[in-house]
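Participant: Sequence:
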Amino acid sequence: WTRQFMMLNENLLLFYKSDTHTSPSEIISLSSIKNVTRTEEKEFCFKIECSSRGDMYISCKTETDMYAWMDEIYKRANRVGISKISNVKRNVHVGFDEASGEFTNLPKQWQDILIGSKLTKEDMQKDPQAVLDVLNYY
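Residue numbering for the sequence shown follows the working numbering, starting at 107 and increasing by one per position.
Since the hints were derived computationally from the structure, they do not count as laboratory data.
Just so you know, these numbers come straight off a predicted model, no measurement behind them.
C-beta: ideal position from N, C-alpha, C; glycine also.
Treat the hints with caution; some may be incorrect.
Unchecked claim - Within a straight-line C-alpha distance of at most 25 Å, the following computed SDA-like cross-link-like pairs (lysine to any residue) qualify:
1) K224 x Q235
2) K227 x N184
3) K167 x H199
4) K140 x T126
Unchecked claim - Simulated restraints on C-beta separations:
5) S157 x G222: 42 to 48 Å
6) E147 x D125: 21 to 27 Å
7) Q217 x S157: 34 to 40 Å
8) I221 x E146: 28 to 34 Å
9) E155 x Q231: 38 to 44 Å
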């Protein structure tokens with residue numbers, strides 16, 4: 107994994123060796139991007155499928171950064187209008203801390219759904235399938 111500085115404009119994804127370099131080391135046209143997906147290659151990592159150069163794996167510092175980059179690339183690549191990205195997937199990795207009885211990495215929207223479901227913490231601990239049923243229902 108080489109550390110680089112990435113910049114996105116309306117039509118291009120540019121890579122620089124550092125944030126002080128003025129010439130990009132690689133330029134990718136957004137029209138060549140076929141897909142953007144989360145991957146388990148590394149923590150906070152996503153894959154860009156590119157017709158011009160093959161797959162690229164991008165690792166970010168945080169999950170928030172990763173999804174922000176994925177969303178912006180997806181949005182701008184679709185604006186280019188030449189190739190439409192489809193099938194973007196957001197895999198959410200939720201855990202359960204048995205000591206606290208709390209879910210970890212649970213998106214706010216899911217937290218709100220569970221709060222509105224009237225399931226108690228005890229219900230969630232005893233019957234994890236009930237949690238999945240509630241989330242799948244909504």
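Participant: Could you work out which earlier hints the structure fails to respect and list their numbers in ascending sequence?
Facilitator: As far as the earlier hints go, 2, 4 are violated by this structure, in ascending order.
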